[in-house]
Amino acid sequence: MELDSLYQEVILDHYRKPLHKGLSAAKDIQVHHNNPSCGDEVTLNLIMDGQVVKDISWDGVGCSISMASASVMSDLLIGKEYKSAMVISDAFVELMQSKGKSSGDEQLLEDGVAFAGVSKFPARIKCALLGWMAFKDASTQVIA
Amino acid sequence: MELDSLYQEVILDHYRKPLHKGLSAAKDIQVHHNNPSCGDEVTLNLIMDGQVVKDISWDGVGCSISMASASVMSDLLIGKEYKSAMVISDAFVELMQSKGKSSGDEQLLEDGVAFAGVSKFPARIKCALLGWMAFKDASTQVIA
Amino acid sequence: MSVDLSKYKKDFPVLARKVRGGNRLIYLDSGATSQKPESVIKAESDFYRTINSAVHRGAHLLAEEASEAYEGARENLAKFLGAKTDEVIFTKSATESLNMIAYSLGNPDSRFNVKSGDEIVVSQMEHHANLIPWQQLAKRTGAKLVWFSITDDGRLDLSNIDQIINKRTKIVAITHQSNVFGTIILLQEIVKAAHKVGAVVVLDACQSAPHFAIDVKKLDVDFLAFSGHKTLGPTGIGILWGKSEILEKIEPALFGGSMVDSVTMESATWAKAPRKFEAGVPNMAQAVGLSAAIDYLNVIGMKNIAEHEQELTRQLLDGLSEISGVNVIGPKDMKDRGGVVSFTVDGVHPHDVGQVLDQYGIAVRTGHHCAWPLMKRLNLVGTTRASFHLYNDSEDVNDLLAGIKKVKEYFKVGK
Amino acid sequence: MSVDLSKYKKDFPVLARKVRGGNRLIYLDSGATSQKPESVIKAESDFYRTINSAVHRGAHLLAEEASEAYEGARENLAKFLGAKTDEVIFTKSATESLNMIAYSLGNPDSRFNVKSGDEIVVSQMEHHANLIPWQQLAKRTGAKLVWFSITDDGRLDLSNIDQIINKRTKIVAITHQSNVFGTIILLQEIVKAAHKVGAVVVLDACQSAPHFAIDVKKLDVDFLAFSGHKTLGPTGIGILWGKSEILEKIEPALFGGSMVDSVTMESATWAKAPRKFEAGVPNMAQAVGLSAAIDYLNVIGMKNIAEHEQELTRQLLDGLSEISGVNVIGPKDMKDRGGVVSFTVDGVHPHDVGQVLDQYGIAVRTGHHCAWPLMKRLNLVGTTRASFHLYNDSEDVNDLLAGIKKVKEYFKVGK
Ligand SMILES: Cc1ncc(COP(=O)(O)O)c(C=O)c1O
Ligand SMILES: Cc1ncc(COP(=O)(O)O)c(C=O)c1O
Numbered sequence: 001m002e003l004d005s006l007y008q009e010v011i012l013d014h015y016r017k018p019l020h021k022g023l024s025a026a027k028d029i030q031v032h033h034n035n036p037s038c039g040d041e042v043t044l045n046l047i048m049d050g051q052v053v054k055d056i057s058w059d060g061v062g063c064s065i066s067m068a069s070a071s072v073m074s075d076l077l078i079g080k081e082y083k084s085a086m087v088i089s090d091a092f093v094e095l096m097q098s099k100g101k102s103s104g105d106e107q108l109l110e111d112g113v114a115f116a117g118v119s120k121f122p123a124r125i126k127c128a129l130l131g132w133m134a135f136k137d138a139s140t141q142v143i144a
Numbered sequence: 001m002e003l004d005s006l007y008q009e010v011i012l013d014h015y016r017k018p019l020h021k022g023l024s025a026a027k028d029i030q031v032h033h034n035n036p037s038c039g040d041e042v043t044l045n046l047i048m049d050g051q052v053v054k055d056i057s058w059d060g061v062g063c064s065i066s067m068a069s070a071s072v073m074s075d076l077l078i079g080k081e082y083k084s085a086m087v088i089s090d091a092f093v094e095l096m097q098s099k100g101k102s103s104g105d106e107q108l109l110e111d112g113v114a115f116a117g118v119s120k121f122p123a124r125i126k127c128a129l130l131g132w133m134a135f136k137d138a139s140t141q142v143i144a
Numbered sequence: 001m002s003v004d005l006s007k008y009k010k011d012f013p014v015l016a017r018k019v020r021g022g023n024r025l026i027y028l029d030s031g032a033t034s035q036k037p038e039s040v041i042k043a044e045s046d047f048y049r050t051i052n053s054a055v056h057r058g059a060h061l062l063a064e065e066a067s068e069a070y071e072g073a074r075e076n077l078a079k080f081l082g083a084k085t086d087e088v089i090f091t092k093s094a095t096e097s098l099n100m101i102a103y104s105l106g107n108p109d110s111r112f113n114v115k116s117g118d119e120i121v122v123s124q125m126e127h128h129a130n131l132i133p134w135q136q137l138a139k140r141t142g143a144k145l146v147w148f149s150i151t152d153d154g155r156l157d158l159s160n161i162d163q164i165i166n167k168r169t170k171i172v173a174i175t176h177q178s179n180v181f182g183t184i185i186l187l188q189e190i191v192k193a194a195h196k197v198g199a200v201v202v203l204d205a206c207q208s209a210p211h212f213a214i215d216v217k218k219l220d221v222d223f224l225a226f227s228g229h230k231t232l233g234p235t236g237i238g239i240l241w242g243k244s245e246i247l248e249k250i251e252p253a254l255f256g257g258s259m260v261d262s263v264t265m266e267s268a269t270w271a272k273a274p275r276k277f278e279a280g281v282p283n284m285a286q287a288v289g290l291s292a293a294i295d296y297l298n299v300i301g302m303k304n305i306a307e308h309e310q311e312l313t314r315q316l317l318d319g320l321s322e323i324s325g326v327n328v329i330g331p332k333d334m335k336d337r338g339g340v341v342s343f344t345v346d347g348v349h350p351h352d353v354g355q356v357l358d359q360y361g362i363a364v365r366t367g368h369h370c371a372w373p374l375m376k377r378l379n380l381v382g383t384t385r386a387s388f389h390l391y392n393d394s395e396d397v398n399d400l401l402a403g404i405k406k407v408k409e410y411f412k413v414g415k
Numbered sequence: 001m002s003v004d005l006s007k008y009k010k011d012f013p014v015l016a017r018k019v020r021g022g023n024r025l026i027y028l029d030s031g032a033t034s035q036k037p038e039s040v041i042k043a044e045s046d047f048y049r050t051i052n053s054a055v056h057r058g059a060h061l062l063a064e065e066a067s068e069a070y071e072g073a074r075e076n077l078a079k080f081l082g083a084k085t086d087e088v089i090f091t092k093s094a095t096e097s098l099n100m101i102a103y104s105l106g107n108p109d110s111r112f113n114v115k116s117g118d119e120i121v122v123s124q125m126e127h128h129a130n131l132i133p134w135q136q137l138a139k140r141t142g143a144k145l146v147w148f149s150i151t152d153d154g155r156l157d158l159s160n161i162d163q164i165i166n167k168r169t170k171i172v173a174i175t176h177q178s179n180v181f182g183t184i185i186l187l188q189e190i191v192k193a194a195h196k197v198g199a200v201v202v203l204d205a206c207q208s209a210p211h212f213a214i215d216v217k218k219l220d221v222d223f224l225a226f227s228g229h230k231t232l233g234p235t236g237i238g239i240l241w242g243k244s245e246i247l248e249k250i251e252p253a254l255f256g257g258s259m260v261d262s263v264t265m266e267s268a269t270w271a272k273a274p275r276k277f278e279a280g281v282p283n284m285a286q287a288v289g290l291s292a293a294i295d296y297l298n299v300i301g302m303k304n305i306a307e308h309e310q311e312l313t314r315q316l317l318d319g320l321s322e323i324s325g326v327n328v329i330g331p332k333d334m335k336d337r338g339g340v341v342s343f344t345v346d347g348v349h350p351h352d353v354g355q356v357l358d359q360y361g362i363a364v365r366t367g368h369h370c371a372w373p374l375m376k377r378l379n380l381v382g383t384t385r386a387s388f389h390l391y392n393d394s395e396d397v398n399d400l401l402a403g404i405k406k407v408k409e410y411f412k413v414g415k
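Residue numbers (this note's numbering), protein chains in the order written: chain C, 1 to 144; chain Y, 1 to 144; chain P, 1 to 415; chain F, 1 to 415.
Bear in mind the hints are in silico, worked out from the structure with no lab data behind them. Some hints here could point you the wrong way.
Reference listing, derived: stretches of chain P covered by chain F, where coverage requires no fewer than 3 residues with Cβ under 8 Å from a Cβ of chain F [said to hold, decoys possible]:
1. 251 to 259
2. 272 to 282
3. 363 to 369
Restricting the straight-line Cα-Cα distance to at most 30 Å, the calculated cross-link-like pairs of lysine-lysine (DSS-like) are [to be verified]:
4. Lys21/Y with Lys18/P
5. Lys21/Y with Lys412/F
6. Lys405/P with Lys17/C
7. Lys376/F with Lys136/Y
8. Lys99/Y with Lys376/F
9. Lys126/C with Lys192/P
By construction, the Cβ of each residue, glycine as well, lies at the ideal position given by its N, Cα and C atoms.
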């Protein structure tokens with residue numbers, strides 16, 4: 001079923017047991033992003049250690065795609081250099097824009113490739129990007 | 001030609017030699033009416049003698065139909081009782097709304113029946129009514 | 001089913017579509033926009049094919065015919081609302097209608113105008129289109145925005161109407177039927193209270209006018225707005241109706257050609273309503289299309305349509321009550337409610353509910369339904385909403401109910 | 001004729017009509033509204049027949065497809081104007097576009113906002129749609145309206161540009177091509193002067209965008225408005241283009257669904273452009289129809305269309321100069337002028353000229369053309385106006401010239 005390409009088991013797992021959910025007490029910066037057309041919200045705390053992403057924690061309400069994606073994003077980016085976090089982030093955005101034509105670089109995106117199917121559902125792309133956009137916003141602000 | 005039912009000779013004659021055109025010095029009331037969609041304008045001076053229309057004079061710019069109609073109207077209504085002027089005026093309005101189905105009461109409307117054809121040209125009806133509406137407005141104000 | 005409207009379904013070309021791997025389209029999103037019968041589509045394209053030209057402007061045959069068609073549409077809409085012809089104003093949408101009134105009533109040259117110290121009343125269940133224009137009017141003028149709360153079962157809380165509508169009240173803007181709950185608002189008490197203090201009542205009829213008979217004289221409101229596209233009509237056309245006595249006394253909000261009485265470089269005066277409120281070359285083909293939609297609705301009869309939708313709503317509410325973990329948001333009984341049903345499924349986000357339903361060809365709306373403050377009041381992130389029009393049938397409801405069960409299976413929630 | 005567009009005429013169904021006792025329709029009123037090719041009519045009705053649903057709102061397939069079509073239309077329009085996609089806003093008409101900017105620029109929360117002491121510049125040859133909104137803005141804010149005069153031959157008088165555009169100037173709103181004279185306004189000097197003092201330039205492109213290629217980057221204006229219905233597109237759709245840096249800094253003018261970032265009962269914040277400026281369910285089918293019109297124009301090529309209309313205009317001006325008692329109002333030569341030709345016939349009121357022409361199937365516009373102040377400046381009650389689009393041909397011009405001679409005969413004026 002077409003639907004299964006959207007709701008990969010990996011995604012549903014992350015949705016049911018999201019990683020790094022729950023905001024940390026400490027933070028360098030906090031950002032709040034939302035998706036006005038559906039009401040999904042993510043708040044994200046970021047701690048940087050120089051150029052390294054030391055910690056990401058987040059909270060939010062939203063659909064399985066948006067919550068699972070925030071979970072995957074945080075787990076993937078914690079510990080990465082800012083520069084490689086950006087590379088990963090760009091690769092994820094590109095995957096989302098691939099209209100089902102790319103299956104993603106598993107080396108780079110790990111669990112993130114599970115979202116490849118989302119790119120066939122235009123209305124869900126912004127769900128998958130919500131957490132990533134929050135991270136991009138937060139990290140750019142800290143680095144700048 | 002269909003056009004000839006619009007531009008009756010009587011109309012063109014009144015257009016070329018309009019009656020009671022040129023505003024009188026004396027007046028009980030002056031009204032100014034215009035037709036914003038085409039720019040036609042009529043200014044009308046009215047003198048009443050009790051319930052009798054003593055004098056109408058007018059000036060204006062506009063198409064053949066609007067000018068000729070003001071001419072016919074003034075000539076027809078001067079000297080009439082207010083009440084019969086209203087009857088004539090109503091008959092003229094009715095003729096204009098007849099969509100070409102009425103030829104008008106010549107007894108009542110005299111030269112006014114020449115406008116019967118106008119009722120087949122919806123865009124011109126308001127031209128034909130411009131002077132009449134000005135009279136109606138002016139006389140109602142004086143009588144009231 | 002007491003009224004059988006099944007023969008009309010075939011008039012809607014889009015309903016013949018197969019979606020997502022061959023499923024028939026089960027369109028349950030008429031609250032967002034309705035589908036259009038062939039006669040409406042044809043009326044709009046026939047306008048272009050035969051008489052297209054600028055109304056009220058040309059001296060030629062096409063302009064005559066276009067003007068007649070356009071003004072005929074106005075007459076038809078007026079009859080539909082029990083209004084006078086000159087009280088019907090064509091706008092692009094209900095949203096524009098509501099914004100226009102807000103601008104007009106905030107213009108100091110309008111004889112009914114809002115100023116600092118005045119109050120504007122709305123409710124907690126308004127669509128953004130009947131909320132934000134009033135927030136903005138309040139901001140511009142210094143007036144205060146106040147609102148009716150809702151009760152937990154999705155009704156308007158009128159218990160404090162005496163405080164809410166008071167001497168300072170200038171405008172009461174209220175929805176006729178909630179686009180989230182389906183609740184129909186009984187207006188009598190509100191209109192009476194508003195008129196007693198000299199306030200005008202603005203009715204958002206977006207969810208009512210397309211579904212049951214409306215008579216503006218009986219409702220006794222002062223303004224009313226609804227959208228053509230929810231009324232089987234084209235997109236890009238809306239209605240603003242206003243009482244002629246009030247239209248006379250207020251300034252227009254859009255300025256340009258065809259709405260003037262005279263113009264100099266410095267200033268301008270206005271034509272009479274409705275012209276005054278229709279600046280520019282109007283959405284003529286859409287007005288004519290909407291008029292065809294009204295004709296279509298009239299043939300079936302608004303009473304029959306309302307009854308039909310009632311049946312479907314009852315069937316859906318009954319069915320939903322039998323699925324565990326499904327919560328109807330809004331009235332659970334048929335008292336004063338229309339064919340809009342919101343619900344949540346425990347453990348599944350509305351967006352995901354909608355996605356699974358879509359897989360089976362079932363088109364519903366998910367999210368906050370442009371009623372964000374209402375969602376916050378309810379502590380919800382959103383709902384899934386099914387909404388009907390005359391082309392829906394009992395099978396659609398059955399398929400939706402079956403679909404919801406599949407959603408639960410898919411996400412492994414409940415039994 | 002150098003460019004032969006004759007094969008396109010058959011694409012316009014209305015042009016096959018016979019009028020007034022069997023005459024072919026000679027449509028010379030494209031300045032008021034253009035005719036529509038079959039592909040546009042079909043694009044609009046196909047939207048209803050196949051993908052009709054509310055964009056940006058549903059979680060279902062139709063909503064996806066409708067959103068794609070609608071946003072695709074935006075992309076297409078952006079390319080047409082040499083603009084960024086997010087700078088293109090769908091409105092209902094140029095009139096609405098211009099009013100929206102006026103409201104936005106008058107909102108004190110906009111970072112470019114007009115206030116008392118500021119000046120707004122227009123010209124004496126503006127259409128009411130690009131005059132009255134600025135009169136009203138001036139009235140609302142206490143700003144002053146000033147204007148460029150015109151020369152006797154129908155050109156903009158820029159001799160006092162240094163006084164007209166000065167330190168107090170905040171907005172310069174100007175037409176790109178006069179809808180009465182056909183004069184094309186050369187913008188460079190005006191734009192330079194405006195930008196030098198930090199003013200924004202609003203371009204009324206109603207009579208230009210449908211007829212020749214436009215590149216907003218080259219024009220370097222800040223806002224631009226035009227109407228779909230004059231551009232072979234449907235009625236009920238207009239374009240507002242604005243520079244993204246400015247769109248970011250101004251408040252929207254219409255409030256409602258789909259344009260918000262967040263909403264509480266008290267206040268709301270806005271989405272980014274273009275969403276911020278498109279409240280409510282948009283005129284989707286019309287946007288898609290307009291996009292099809294742009295496709296159609298692109299296939300023919302705006303350059304070819306402009307050249308074709310130039311040829312017809314030259315032919316008409318030449319022909320009119322040979323009829324005694326006929327006066328061209330506006331430029332009599334081809335320098336910087338487009339396919340709009342106004343004229344008067346000595347001794348015959350324009351309304352009567354139009355009526356006689358109509359009898360021969362010739363559709364022209366008569367009157368003040370929504371440019372009343374200009375008529376007063378010219379001491380005219382109105383003109384008769386012929387205006388072209390790509391579907392006109394040399395035979396149309398010949399028939400018009402013959403028609404004018406018949407007018408003179410009918411009213412027995414001149415030889
Ligand atoms: C120069 C000009 N500006 C503005 C307008 C207004 O356009 P619309 O009536 O389509 O809003 C027109 C056409 O009527 C026009 O010719
Ligand atoms: C209750 C209500 N009010 C207002 C609107 C706005 O209508 P539109 O978007 O057609 O302007 C809608 C629909 O979206 C609605 O449901």
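Verification of the hints:
1. Judged by the Cβ-Cβ criterion of 8 Å, the region 251 to 259 of chain P is covered by chain F as claimed, because 6 of its residues qualify and three suffice.
2. Closer than 8 Å: that is the beta-carbon criterion, and the region 272 to 282 of chain P has 4 residues meeting it against chain F, so the requirement of 3 holds.
3. Against chain F, the region 363 to 369 of chain P contributes 5 residues with a C-beta closer than 8 Å to a partner C-beta. That satisfies the three-residue criterion, and the hint holds.
4. Taking the CA atoms of Lys21/Y and Lys18/P, the gap is about 72 Å. The hint is violated against a cut of 30 Å.
5. As the CA atoms of Lys21/Y and Lys412/F are separated by approximately 22 Å, the hinted pair is consistent with the 30 Å bound.
6. Pair hint Lys405/P plus Lys17/C holds up; C-alpha atoms about 23 Å apart against a cutoff of 30 Å.
7. For a cut-off of 30 Å, the pair hint linking Lys376/F to Lys136/Y stands: about 28 Å separates their Cα positions.
8. Using a Cα cut-off of 30 Å, the hinted pair Lys99/Y and Lys376/F is violated, with the two alpha carbons roughly 34 Å apart.
9. The straight-line distance between the Cα atoms of Lys126/C and Lys192/P is roughly 47 Å, outside the 30 Å bound, and the hint therefore fails.
Figure legend: structure checked against the earlier numbered hints; hints not met, in rising order: 4, 8, 9.
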